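A.B. asks: So for the sequence shown, UniProt numbering puts the first residue at 1; every next one is plus one.
The set of hints was computed from the structure by calculation and includes no laboratory data.
Please note that a few of the clues may not be correct.
[As the list claims (entries may be wrong)] Using 25 Å as the maximum straight-line C-alpha spacing, the simulated BS3-like pairs for lysine-lysine come out as follows: (1) Lys-122 x Lys-22; (2) Lys-12 x Lys-173; (3) Lys-52 x Lys-116.
Computed from a predicted structure; not experimentally measured.
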Amino acid sequence: MRKLENSELDRKSIEDFKKSDKTPLILVLDDIRSLHNIGSVFRTADAFLIEKIILCGITATPPNKEIHKTALGATETVAWEHHENVLEVIENLKKDNVLTLAIEQVESSVFLQDFKVEKDQKYALVFGNEVYGVAQEAVAICDGCIEIPQLGTKHSLNIAVSAGIVVWDLFQKLNWPSKI
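With the hints as constraints, model all of the structure from the sequences given.
C.D. replies: Dropping the structure here:
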């Protein structure tokens, strides 16, 4: 077994990325404090051809040296926009028939492994602050909530890790559905 060289990875150019069909996922980041977390989510979004990222509240925006440190150029490929109010963003997404899902531990949440995707549906995944999670007001107006099961003594994950887990799960369910 041999590790592949960068030249063997068949990477898209920025132009090719922008022309590519996108995964019908929008990532909403609300009040994310860590610039490295923001950059990591951009990098994950690039990896899975995510449609766009919506940055809300105090979440910093590109160009930013600290975001770039972890995004490694993904801020140049992934579409993004900034809005002050996450509640308005969620309401507008819902008006556009985007299913809005908070990634949070709440009553009646659906565990990630049990969440079923619909092929013709666009989804918005709402991720919240590193300390407080998704604001209760945002949870209340989302169409539903997905919870990542956690079995240890800690019942929280870093937002960038959570985004990676949920994006991968929905990406593979959308692209390679189970034959069962």
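A.B. asks: If any of the earlier hints don't hold here, list their numbers in rising order.
C.D. replies: none
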